[in-house]
Every structure is written in C-alpha cells, then in structure tokens.
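Trainee: Kindly produce the complete structure, drawing on both the sequences and the hints.
Protein chains in written order, with the numbering used here: chain A, 1 to 226; chain B, 227 to 622.
Please note that the accuracy of each hint is not assured.
[Claimed, not checked] Here are some chain A residues the structure puts well away from chain B; computed CB gaps all over 10 Å: (1) Glu65; (2) Pro102; (3) Asp139; (4) Asp179.
[Stated by the list, open to error] So, partial list: chain A residues that the calculated Cβ filter (under 10 Å) puts toward chain B: (5) Asp18; (6) Met19; (7) Thr104.
Everything labelled a hint here was simulated from the structure, so no lab data went into it.
Backbone N, C-alpha and C define an ideal beta-carbon position, used for all residues, glycine too.
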Amino acid sequence: MEAPEPIISLRGISRTYDMGHVTVPALREVDLDVHRGEFLAIVGPSGSGKSTMMNIVGCLDRPTEGTYRLAGTPVEELDDDGLARVRSRTIGFVFQSYNLLPRTTALENVATPLLYQGVSRAERTRRATEALERLGLGDRVTHEPSELSGGQQQRVAVARALVTDPALILADEPTGNLDQASGHEVLELLRELNRAGSTIVLITHDTEVAASAGRQVHIRDGRLSA
Amino acid sequence: MKILELIRLAFSRLRTGRLRAALTMLGVIIGVASVVALVGVGQGTTANITERLANLGTNLLTISAAGANGGASSTLTTADADALRAIDGVAGVAPETQTQATVGADGETTTTSIIGTSADYATVRAYDLWQGTFLTDTAVEQDLRVAVLGATTADDLGLDATSIGSEITIGGLPFRLIGILQPKGGAGFADPDDQVMVPIGIVHKYFVAGDGVRTIGVSVADESQMDAVQAEITSVLRTRHELAAANDDDFSIFDQAQLLETASSISGTLTMLLGGIASISLIVGGIGIMNIMLVSVRERTREIGIRKAVGARRRDILAQFLIEALTLSGLGGLIGIVLGLTVSGLIARLGGITFAFSPTTLAVAFLFSLAVGVVFGVWPARQAARLDPISALRYE
Numbered sequence: 001m002e003a004p005e006p007i008i009s010l011r012g013i014s015r016t017y018d019m020g021h022v023t024v025p026a027l028r029e030v031d032l033d034v035h036r037g038e039f040l041a042i043v044g045p046s047g048s049g050k051s052t053m054m055n056i057v058g059c060l061d062r063p064t065e066g067t068y069r070l071a072g073t074p075v076e077e078l079d080d081d082g083l084a085r086v087r088s089r090t091i092g093f094v095f096q097s098y099n100l101l102p103r104t105t106a107l108e109n110v111a112t113p114l115l116y117q118g119v120s121r122a123e124r125t126r127r128a129t130e131a132l133e134r135l136g137l138g139d140r141v142t143h144e145p146s147e148l149s150g151g152q153q154q155r156v157a158v159a160r161a162l163v164t165d166p167a168l169i170l171a172d173e174p175t176g177n178l179d180q181a182s183g184h185e186v187l188e189l190l191r192e193l194n195r196a197g198s199t200i201v202l203i204t205h206d207t208e209v210a211a212s213a214g215r216q217v218h219i220r221d222g223r224l225s226a
Numbered sequence: 227m228k229i230l231e232l233i234r235l236a237f238s239r240l241r242t243g244r245l246r247a248a249l250t251m252l253g254v255i256i257g258v259a260s261v262v263a264l265v266g267v268g269q270g271t272t273a274n275i276t277e278r279l280a281n282l283g284t285n286l287l288t289i290s291a292a293g294a295n296g297g298a299s300s301t302l303t304t305a306d307a308d309a310l311r312a313i314d315g316v317a318g319v320a321p322e323t324q325t326q327a328t329v330g331a332d333g334e335t336t337t338t339s340i341i342g343t344s345a346d347y348a349t350v351r352a353y354d355l356w357q358g359t360f361l362t363d364t365a366v367e368q369d370l371r372v373a374v375l376g377a378t379t380a381d382d383l384g385l386d387a388t389s390i391g392s393e394i395t396i397g398g399l400p401f402r403l404i405g406i407l408q409p410k411g412g413a414g415f416a417d418p419d420d421q422v423m424v425p426i427g428i429v430h431k432y433f434v435a436g437d438g439v440r441t442i443g444v445s446v447a448d449e450s451q452m453d454a455v456q457a458e459i460t461s462v463l464r465t466r467h468e469l470a471a472a473n474d475d476d477f478s479i480f481d482q483a484q485l486l487e488t489a490s491s492i493s494g495t496l497t498m499l500l501g502g503i504a505s506i507s508l509i510v511g512g513i514g515i516m517n518i519m520l521v522s523v524r525e526r527t528r529e530i531g532i533r534k535a536v537g538a539r540r541r542d543i544l545a546q547f548l549i550e551a552l553t554l555s556g557l558g559g560l561i562g563i564v565l566g567l568t569v570s571g572l573i574a575r576l577g578g579i580t581f582a583f584s585p586t587t588l589a590v591a592f593l594f595s596l597a598v599g600v601v602f603g604v605w606p607a608r609q610a611a612r613l614d615p616i617s618a619l620r621y622e
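Mentor: Take a look at the structure:
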C-alpha cells in the first residue's frame, strides 16, 4: 500500500530577504513532510528562521525557491488572493499575541473566518457557538477580548482556528504570553485536538513546550534538523 | 462577501466610535444641507419668477412706442391698435394710455394710475373680475364715463361689493363704478392692483391730448403663433407708419415668453452657482472622510492583518473600508437632507423666502454624497487592501 500523501510537503525551500544591496537568507533549502494527524513542533531560538518558516507554512509568504504542496495544492505560485483562499480553507492560526479583533465579541471573532468563506450568518453563529462551547467558553460568547483573561483569549483564538475545520492548525508560540497554568491548558487543548484528528504544527523556542508534540524538528540558521 | 454583511460591519464599527463618526459625517452633513437649502432657494426663486410673470399674462406681446408716454407725440395710436385686431391669431388687443389722477369716493381720496384701455384689457393682462363687470365694448366705443378699480385702489377708497353702481370722481369728473378686480399680487415693479381702468377715449378727451397710446398689449391665441403674429404686427405697423425699408422701427415689440425664458435662465444659473458653492463644502466634507479613513487604516493595521490571516482577500478588505466610507458619507447625506429641509423650512417661515424642492434635487444630493464617499474612500481602502499580512500582524 502506498503511503498517503503528506499534508505539508516542503522541498528545497529557501527564503531570502532583499535588504537593499545585501540579501539575507532566512531559510536554506528546507525539506519537510508533515503527515495527516501529526503533532509536529518546530523548535528554534529567535533569529533561527522560525518566523519565516511559520510565514511560509502558513501561506502568509512565498518562498524564494523550492516547492510547497499544502494538502495537495502547490502554493508557491499562488497570488495574494490565492494564498488568502488557501489560508481560509486549509489553515487555522493560533498566534502568540492571540490576535483577536478588538471591541468584537468572542462569537464574532470566532465567526470571522467563516465570513470570508461566504457562510451565512445563521450558520456562522451556530458553528462559532459550537466551537466556543467545545473549548469551554460557552458562557463567554458575548464577551469582548478586553473582558477575557489571557488564557481565555487564547482559547477563543483556538476556537477561531478550529471553526473552519481546517486541515492544519498552525500555532506560533501559543503559550508565549501566558502564565504557566494557562500555557499548560492551551498545550493540553492542542494535544486533545490532535487526538481528535487535527494536524498541528507548533512553532516555539521553548523545548519544554515542544515536548508536548509527537515529533520535533529543530531549526537553526535557516536549516532544519531532526 | 455580501454587501449587507459589510454594511452591518460598518455600522457596528460606527457604533464603537460614535463621536468620531459624527464629527466625520459633520462635513458631509453641512455640505449636503447647504446644497439642499441653497438649491431650494434657487428653485423657489425660479418658480416664483415664473409664476409672477405668468400673472402678467402669457402669450402676450407688448408693443411700445419709441418715445413719449402716450399723447400727441407717441408714434402709436388707437387707430394702430384697431388695425392690429384684424391680424390672424390675435385674440385681444388692449391699447393703454396712462395718467395719474386723484380718485375720490365718499370723501376718501387716493392718487393712482388711470389707465385708458379697451374691453380686451382684462384678458390681455390676465386680470380676473371680482365684482360687477369689466369695461364693455359698448362703453369703450361710446366713451361712457365708467370705471373699473383695482383691488388695492378699491380698498384704499373703502369700496366693496355694495359700491358697484355708485359714483366716484376721477380728476374731479364723475364716473360710475362698474367693477372691481381680484387682486393678483405684485410683479415686483409696481402694484398691479393699484390702478383704475376707464375707456381709452375718456382719457384722450379729458386727461391726455391727442390719440397716442403708450403701449398696445396683444394677446395671441396660441403660443405657436407668437413669432408669426409678431412679424405680422411689425409689417402692419411699418406700413401704417409709412416707414421706408432703410428706417428703423419706431416701436418695439416685447415678447412676454422671452422675458420668462430670460428670467428663468438667470435664476437657473443662480441656482447652479449656489449649488456649486455649496458643493465645495461637500468636497471639504469628503476630504474629512478621507482623512479619518486613512487614520483608521493605520490604527487598524493589525485588524487588517488578522482578517487577512484568517482568509480575507484584497477585495474583501477593499470592500469593507469602501463600504465604511460610503456608510459615513451616505448617512451624512441623509442627515444633511433632513437638516437642509428643516433649516430651509425655518427660514421660509421666518424670512418669507420661497423654497422649492424636487425629489430629483434630493436624490441628486444623496447620490452626490455617496459619490463623495467613493471618491474619497477608495484610496484609503486601497491602502488597507494592499497591506502585507505579515507586517500588518506585527504592527503595534
């Protein structure tokens, strides 16, 4: 039996930044496969190319060289709107600083990705409520981010990442702004989601955090090592 | 993404920043309100002028003598007037010779214009009778000493419906009062209701020597015949006055319709001018919107980054910010229309100025405010749409 196609397949990915007269390489010929149902941690200190990795994997940026297939779609050639569509359909983001819309209720925050998929209002509300309930925030739907604790905000952000039922959840230092207990909770939450079938890529500098993942790869000076 | 969703989003955004939204809209509100009010004044004035001129009698040609005020030196005579009656398309001819005299009744006196004219005068000058009868052909032919009073004159003399048939004096001579006219309101130059009408022969006999007339009013049966009748009058009068081809006319013909057209085109231009001045403030209001939208795009860079990260395309962001600008300007436009109507209603009540509003004006004012929103909203919206999601997400 042939092995199933990996959900993420990076081949020879390089990303250099053009800083006027010098070019700075941030990623050098990275190869990486992530399979469906995996929980992978990409670990590296700051300046290692971690963020660039996250931008490329998250389809927020395009590689300078190499090919990237995400859930079967070659994304390195897509234009901005094409990338937006891939993000909308395939990826759920969890950021270090939560990145919730201010002065907007938890419900509407969670429903926002569905808005850009053209889902009807009633359906958005239903699915967003469901996602919030699943993360134990059923009583916080009408709260705005400023009325929630950091841990609660990050859980709202996880709910937002989940609501589109994405093929990949991409978490960028999700515990970075949280106290230990809340951080623990969020990691446990990610593990739970992974057990329920979600593919998760976690990007962190913290080896302890990375230990939650099923597999780790290390990044240093733009190169990956197992 | 549906427009309705975006409008909903824009309104919830406006609710979170009410003061800012109100101040931003203020420019458009003032702009639209002044457009509505000033164009209302302009159109009201146009309507007013048109109505007043129509009061003077439409389809009216006024022939004036070149020279004096009637009397012996005038180039126009009652015989000329009689000759014009024969022209095809002429519905009425009213020669006028005018003088000033003291009119008295029951001890009351007033000095006013005495107009010697014919029975057609009421038709030609668009007067309606209130009481009694107007001058009859018989009275004019036989030079009977009868008089018809304008409403103001009758009022000055304390005469009313019961006075018909009584005796009044004009310049000391006894006349029988046979009719009083309905008031028709001022045409701006002189009160058309303050005058006394008597058979033209009487004026020539007792007040003004000779058979000259100051003007001859000709009413034309149908508007389409105006030019033909005017040409025919010219030819008849030139023949009668024995003018050689090289000589200029010794009379002038004045077309009421021309005056109407000129007057309404002047006030139309005035309306455009007022509207134009007011639109400048609308444009200033638009710049205010652009300013706030640009600030808003900067402030909400992170929001834009988040929206892009979770799947918003360029056009989604573009549409969101454009609809926000449109909501500001459109809402401002609606409020401005209401304010403009209110303010001009107040001015109309207090200042006695006439306003006229057509639905078209209001619709144009509203569309104009929307256009301002598009014109001044599109650039900030493009700025927002083109933001790079990575740097937008990092923006503090």
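Trainee: Each hint should be assessed against the structure and marked as holding or not.
Mentor: Hint-by-hint comparison with the structure:
Distance check on Glu65(A): its Cβ is at least 19 Å (rounded) from any Cβ of chain B, clearing the 10 Å threshold; non-interface status holds. Chain B draws Pro102(A) into its interface by the beta-carbon criterion, the shortest separation being 7 Å against a cut-off of 10 Å. In this structure Asp139(A) is separated from chain B by more than 10 Å, as the shortest Cβ-Cβ distance comes to about 22 Å. No Cβ of chain B approaches the Cβ of Asp179(A) within 10 Å, the least distance being about 22 Å, so the stated non-interface status holds.
Contact between Asp18(A) and chain B, as hinted, is not supported at the beta carbon level, the nearest pair being about 14 Å apart and thus beyond 10 Å. Evaluation of the Met19(A) hint against chain B yields a violated restraint, the C-beta minimum of about 15 Å exceeding 10 Å. With a cut of 10 Å, the hint placing Thr104(A) at the interface with chain B holds, because the nearest CB-to-CB distance is about 8 Å.
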